[in-house]
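Trainee: Sequences listed follow chains B, V and X, in order. Position one of the first sequence corresponds to residue 116 (our numbering), numbered consecutively onward. Position one of the second sequence corresponds to residue 374 (our numbering), numbered consecutively onward. Position one of the third sequence corresponds to residue 436 (our numbering), numbered consecutively onward.
Hints in this document: simulated from the structure, not taken from any laboratory. We put the CB at the ideal spot given by N, CA and C, even for glycine. Some clues are possibly wrong.
What the hints assert, rightly or not - Calculated lysine to any residue pairs in the SDA-like style (CA-CA distance at most 20 Å, straight line):
id, chain 1, residue 1, chain 2, residue 2
1, V, 461, V, 440
2, V, 601, B, 171
3, V, 483, X, 550
4, X, 550, V, 440
5, V, 410, X, 550
6, B, 272, V, 601
7, V, 467, B, 171
Stated by the list, open to error - Using C-beta positions, here's what the derived DEER-type ranges look like:
id, chain 1, residue 1, chain 2, residue 2, range
8, V, 523, X, 514, 22 to 32 Å
9, X, 478, B, 185, 30 to 40 Å
10, B, 267, X, 640, 19 to 29 Å
11, V, 419, X, 552, 36 to 46 Å
Said to hold, decoys possible - A short list of chain V residues far from chain B (calculated; beta carbon distances all over 12 Å):
id, residue
12, 387
13, 404
14, 412
15, 485
16, 498
17, 499
18, 507
19, 518
20, 528
21, 534
22, 539
23, 553
24, 554
25, 578
26, 580
27, 583
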Amino acid sequence: MAITNQVPRAAAQARPDMVYRFSVAERIAHWNHALSFIVLFITGSALVFRGFAALLGRDGLLAAGLVHRVGAGFFTVLTIPVLVIGARRLAGEWVRTSFQFDQDDRRFLVLFARDFFGLKVKLPDQGRFNAGEKINSILQILGWPAMVITGWMLVWKDAFSPAVVQWVLAIHSFTAFLLGAAVIGHIYLASLHPHARPGFTGMTTGWVPAWWAKGHYRKWYDSATGRPTR
Amino acid sequence: MARYACFMDLSICAGCESCTVACQNKNDLTADIAFTKIHRYQEGTFPNLKSTFVPNQCLHCDNPPCADVCPTGATYKTAEGPVQVNDKQCIGCKYCIAACPFGARTYDAKAHVVKKCSECYDRLQAGKTPACVQTCITGARQVGNLDDANDPIHKVIAQPNTVKVGGTNFYFKLPEGIARTVLPADSKESAVTYAWQSILQPFGQMALGGAAGAVLLSAAAFVVKSVKKEGDEHGDH
Amino acid sequence: MKSSGDSARWIKALQKLELVVAIDTQMSETAMYAHYILPESHYLERMDVISVASDTISIRQPVIKPINDTKSGYEIIQGLAKACGIGEYFNFTIEEYNAAQLGPTGWTLPQLEEKGLVKAAAIPAAYDKLPTSSGKAELVHEGFAKSGGTRVFGWVPPKTQPEGDKLRLLHGHIAVHSNGYTQNVPALYARMPENELWLHPSVAGPKSIKTGDYVEVANEYGKERLKALVTEGIRADCVWMAHGFGTMSPDQHLAYKKGANDGALYPILMTPVSAALGQGEATVTVRKVGG
Chain B
116 MAITNQVPRA AAQARPDMVY RFSVAERIAH WNHALSFIVL FITGSALVFR
166 GFAALLGRDG LLAAGLVHRV GAGFFTVLTI PVLVIGARRL AGEWVRTSFQ
216 FDQDDRRFLV LFARDFFGLK VKLPDQGRFN AGEKINSILQ ILGWPAMVIT
266 GWMLVWKDAF SPAVVQWVLA IHSFTAFLLG AAVIGHIYLA SLHPHARPGF
316 TGMTTGWVPA WWAKGHYRKW YDSATGRPTR
Chain V
374 MARYACFMDL SICAGCESCT VACQNKNDLT ADIAFTKIHR YQEGTFPNLK
424 STFVPNQCLH CDNPPCADVC PTGATYKTAE GPVQVNDKQC IGCKYCIAAC
474 PFGARTYDAK AHVVKKCSEC YDRLQAGKTP ACVQTCITGA RQVGNLDDAN
524 DPIHKVIAQP NTVKVGGTNF YFKLPEGIAR TVLPADSKES AVTYAWQSIL
574 QPFGQMALGG AAGAVLLSAA AFVVKSVKKE GDEHGDH
Chain X
436 MKSSGDSARW IKALQKLELV VAIDTQMSET AMYAHYILPE SHYLERMDVI
486 SVASDTISIR QPVIKPINDT KSGYEIIQGL AKACGIGEYF NFTIEEYNAA
536 QLGPTGWTLP QLEEKGLVKA AAIPAAYDKL PTSSGKAELV HEGFAKSGGT
586 RVFGWVPPKT QPEGDKLRLL HGHIAVHSNG YTQNVPALYA RMPENELWLH
636 PSVAGPKSIK TGDYVEVANE YGKERLKALV TEGIRADCVW MAHGFGTMSP
686 DQHLAYKKGA NDGALYPILM TPVSAALGQG EATVTVRKVG G
């Protein structure tokens, strides 16, 4: 399987009701990041919540520690090279646009809460990623290096002074809380939320229903399909 | 019940390190691990010198930060004072080493456990003195029960030049002309402990709990909506 | 050999002897040069003669059975005496000897063994009836002159004085080790594996010697290598090291060649009259030999 961000033209012609949203590299990077994070979050929680620690017991915690380190390896090493090799332009675009919020984005953030709880609302048109996803992206883009640096410092904590280790530990745990909160929301939206979950296939096959893309990412849909909808 | 206090008279400590070795024997430690260490402190210029021996060990804090950060509860404070480590619960994460204000904890790589002075809690409970106290050749080390009005420890800690390390039940008698500064600083909550316990942890848990709560609420809203929709036989899109 | 000065000369002397028999608890340097070694039990394995200091009587008694095939010092002497045909003078056990010693104090051996230490009513010394010709303590004595001194004790200048690069060598004892006998005990070796040469910053500075650097200490008697400790705790014209280190016996696996032997740098010197060991009568030069 070639890693490409090119829309398979023949496939696009064969599936007029679908839009190609995520390249293979983006999907691999996403799932590596997502699955390793979930593993890290669960195993890491064992050291933050005492009830969980007691449940696992000493052997369980030692095993969790081992899994945490293996997960950290995937979390640290794989995501960025995959993006750089396989989706350099798209990833660069993603990082750049994640920090740009236009008028529509700001309005989206205000109105999104209504949509989230199933209330009727007309959301403003969005680009390839909506403003909520941008917030999640910012957390991941900034949180990833924070977790990676502090995490590996904790693996080799003997090399640092006790005061540094204490701060590093606090930052690592706090950032994990924030990322965990973002991830809970993200997983719910992507897999359960009735308005958002039709897009789930974007991260499996790469394709999303055209009607859904049009409804959720109108600006991107227009430029990606070359079919301006208005 | 007993409430133990420790005392060490630095003005008569000979620096023989018998306490270190007795402790190692009592706790079956290898020679590279010591729960109590004796350092020589010296200041001034010849011939105006001041010198003393200073111990480095667990001072059994009233509010031990090592116990606060222990994820498994392996380290805990007893009602009588001695801070204990349950080896069977310790996972060797070393958070306690970072949190200890006295540098008094040692990682035992072979056992993958962090160890420290137990104040010989087992011996105290059996009515004996800790190994270091029993072996001390000059009688510099003493231990006593503060709750027992007749315990000689009250007289011992009332001697002149005797200081208590704040936040602990450890008393030191300083040699003449030696300042309090040679001793470990008082045990108090560090900035990072405060930041973590009072700001970062509650805020982080709030964020996590908030996200989980919002998700549940949203899911409930959609369930209610779909039940209503089935009843009404028509939806909104 | 480490305690009597000029270790190199002692080694040569021992090598010249036809028969050297050593009684020791470990492979000391002297035992190393002996033709025969009579291994003595460690102090925790043997019964010693009771010890009296002022009004205090104490006993050193075995707490374990000998681990190896060793005997107590008294048993060795007893055996040698028997072999030499004078066994009748040692026809008693150490316990019987101690019991006899203890007799007049009113304490019994089992009592002393149980307590470890007892107090006895001391008999005040009769200072007015001393066994001297005058019956008094004598500060002036013909005997001193006959023994090679003067009738009155006088001060004799040391053989050598610090000057320029030559620094007075001093040594002393530390509380962690007992003389030269515990350096190879693992627990104590871990506390203090080697000695250091204390020297004043004003001496160390020009030679760019820092604490932890290796220095060579040398004079006409020997040459030793050890780590430096730059400290204000020493006079500028003196250097100091703890005694008992620089073990030359390879069988002391831990302590072997760790630190320096001050005994290698002193002359063999006996004070006149009292025949006490003369120490502190050496100067040395110090140079940096490694970081």
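Trainee: Take the C-alpha atoms of residue 601 of chain V and residue 171 of chain B, compute the straight-line distance between them, and say whether it is at most 20 Å.
Mentor: violated (43 Å)
Trainee: Please settle this one: residue 507 of chain V was flagged as non-interface, so is its CB more than 12 Å from every CB on chain B?
Mentor: holds (31 Å)
Trainee: Is the nearest Cβ of chain B still more than 12 Å from the Cβ of residue 554 of chain V?
Mentor: At roughly 19 Å from the nearest Cβ of chain B, residue 554 of chain V sits farther out than 12 Å, so the non-interface label holds.
Trainee: Closest CB-CB distance from residue 539 of chain V to chain B, is it above 12 Å?
Mentor: holds (19 Å)
Trainee: Within 20 Å, alpha carbon to alpha carbon, are residue 272 of chain B and residue 601 of chain V?
Mentor: Distance of about 56 Å is beyond 20 Å: violated.
Trainee: Quick check for students: does the CB of residue 534 of chain V sit more than 12 Å from each CB in chain B?
Mentor: Residue 534 of chain V clear of chain B: closest Cβ-Cβ about 30 Å, beyond 12 Å.
Trainee: For residue 528 of chain V, is the shortest beta carbon distance to chain B beyond 12 Å?
Mentor: holds (37 Å)
Trainee: Starting from residue 461 of chain V, check that the Cα of residue 440 of chain V is at most 20 Å away, please.
Mentor: It holds: about 15 Å lies between the C-alpha atoms, which stays within 20 Å.
Trainee: Given the hint that residue 550 of chain X pairs with residue 440 of chain V, test it: the Cα-Cα distance must not exceed 20 Å.
Mentor: Violated. Residue 550 of chain X to residue 440 of chain V sits at ~43 Å, over the 20 Å cutoff.
Trainee: Was residue 498 of chain V rightly flagged as not at the interface, with every chain B Cβ beyond 12 Å?
Mentor: holds (25 Å)
Trainee: Since residue 583 of chain V was said not to touch the interface, does its Cβ keep a gap of more than 12 Å from each Cβ of chain B?
Mentor: violated (7 Å)
Trainee: State, for the Cβ atoms of residue 523 of chain V and residue 514 of chain X, whether the hinted interval 22 to 32 Å holds or is violated.
Mentor: violated (55 Å)
The structure fails hints 2, 3, 4, 5, 6, 8, 9, 10, 15, 25, 26 and 27 (numbered hints given earlier, in ascending order).
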